[in-house]
Amino acid sequence: MTFLCLHAVQTIPYANLNRDDLGAPKTLTFGGTTRIRLSSQALGRPLREYVEDTTGIHAVRTRRLGQQVEEQLRERGWSEELAAGAAAQVLDSTGFKLDRAGTKSLLFVPSVTAAGIAELCAEHRDGIEAVVAKGKPDKKLLAELGAGVKELIGRRNGSIALFGRMLSELPGAGVDAARQLAHGFTTHTSRRQADFFVAVDDVTHDSEETGSGHMNHGEYAAGVFYRYAVLDLRELLSEGGLDGDTDTARALVDAFTAGFIRMLPQAKKNTTAPHTVPDLVHMTVRTDQPINLAAAFEQPVVAEQGGGWARPSRLALATYAKAVNRLMGPDDITFSGYASIADEETLAGLGEQIDSYKALAQGAVDALFKADAAAR
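Using my numbering, the first residue of the sequence shown is number 55, and each one after it goes up by one.
Calculated directly from the structure, the hints in this document are not laboratory data.
Note that CB positions come from ideal geometry on N, CA and C, so glycine has one too.
Hints are not guaranteed to be accurate.
As the list claims (entries may be wrong) - Across the chosen pairs, the derived CB separations fall in these ranges: (1) G226 to D249: 31 to 41 angstroms; (2) S222 to H271: 35 to 45 angstroms; (3) K194 to P225: 21 to 31 angstroms; (4) R245 to R316: 47 to 57 angstroms; (5) A169 to P225: 39 to 49 angstroms.
To be verified - Derived BS3-like pairs: lysine-lysine, alpha-carbon spacing no greater than 30 angstroms straight-line: (6) K204 to K193; (7) K190 to K158; (8) K158 to K188; (9) K151 to K204.
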């Protein structure tokens with residue numbers, strides 16, 4: 055077992071990065087107080103998009119695979135009627151539960167899957183044309199299509215190996231994610247803040263009439279957040295993942311660590327522009343188990359005299375990490391380091407101080423692959 059643990063303390067100004075069903079910032083109760091929360095799903099999507107864009111290894115999560123296939127066939131010169139009929143045959147052949155939008159389950163497949171299925175349809179064009187003309191299904195054609203379509207849907211690439219896939223309707227297609235991602239939360243007690251706003255009607259304004267064109271209110275929050283993720287290299291390289299492809303694994307891990315540092319949910323960005331970088335990032339490589347340091351903030355951080363939660367949060371993380379390392383022992387840690395905006399601070403519990411996030415990530419990833427190779 056070889057794990058890369060990533061921790062971040064990050065100040066986020068007035069924003070609403072992750073909303074609940076009423077449009078308010080999500081919250082949780084931790085340590086008996088309310089904190090603002092960033093869900094793992096909201097954190098995970100921009101991270102996956104960053105990894106895919108950086109590595110060029112793309113996957114698609116969709117219920118509309120049939121629609122994608124239909125578009126591919128029309129691009130190949132098939133008539134609309136024939137392309138739609140072929141897409142219907144494709145969906146029927148899978149045996150998946152369907153509704154008007156497509157498959158009831160979201161499929162997570164390599165981005166080339168629709169093109170592969172379109173090629174499969176081209177190989178069975180005569181049979182598909184006959185079925186569309188008769189308006190009746192052909193069991194033999196469905197069986198042949200089904201085998202090929204399921205094989206294509208069940209394929210995986212680096213993105214699927216890293217982020218995982220649950221597909222209970224297709225035995226053997228599930229993939230255990232090599233990454234684990236925690237919900238982010240404020241290190242201190244936090245509350246939502248209401249913002250009453252108006253929008254000006256330009257025509258009314260130009261005619262010197264009074265009044266607004268629109269009035270409403272929104273909810274926002276600000277604070278210092280703790281974020282945590284784990285990357286399991288052994289799982290990523292397993293037979294169910296990349297099957298030992300260390301070059302692809304290295305590219306994915308490099309992108310994942312960079313994305314963890316850089317990416318946040320993008321909700322309400324146009325009206326808040328909350329584009330900050332972490333105050334501190336701490337990385338460890340462990341050969342026993344991953345360790346989440348969220349309990350450092352079970353007792354909510356109290357602002358310093360004069361205000362400010364960032365520095366007390368960094369110190370609380372370092373103090374707790376030092377205690378955990380003392381209890382667990384150092385033998386299973388092959389790398390421990392941090393980089394921080396505050397060069398003057400010595401955060402002894404977080405290992406070696408490194409000048410930049412890029413150098414920190416490179417050192418951690420090098421140690422991760424070295425530790426994994428030594429353990430095999």
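Hint by hint, here is what the structure shows:
1. Range check, G226 to D249: Cβ separation about 50 angstroms, and the 31 to 41 angstroms hint is violated.
2. For S222 paired with H271, a C-beta distance near 42 angstroms keeps the hint of 35 to 45 angstroms intact.
3. The given range of 21 to 31 angstroms is respected by K194 and P225, whose C-beta atoms sit roughly 23 angstroms from each other.
4. Between R245 and R316 the Cβ separation comes to about 28 angstroms, which falls outside the hinted range of 47 to 57 angstroms.
5. Between A169 and P225 the CB atoms are about 25 angstroms apart, so this pair departs from the stated range of 39 to 49 angstroms.
6. The straight-line distance between the Cα atoms of K204 and K193 is roughly 16 angstroms, inside the 30 angstroms bound, and the hint therefore holds.
7. Using a Cα cut-off of 30 angstroms, the hinted pair K190 and K158 holds, with the two alpha carbons roughly 23 angstroms apart.
8. Annotation: proposed proximity of K158 to K188 holds, straight-line Cα distance about 27 angstroms (limit 30 angstroms).
9. Pair hint K151 plus K204 holds up; C-alpha atoms about 14 angstroms apart against a cutoff of 30 angstroms.
Checked against the numbered hints given earlier, this structure breaks hints 1, 4 and 5; the rest are met.
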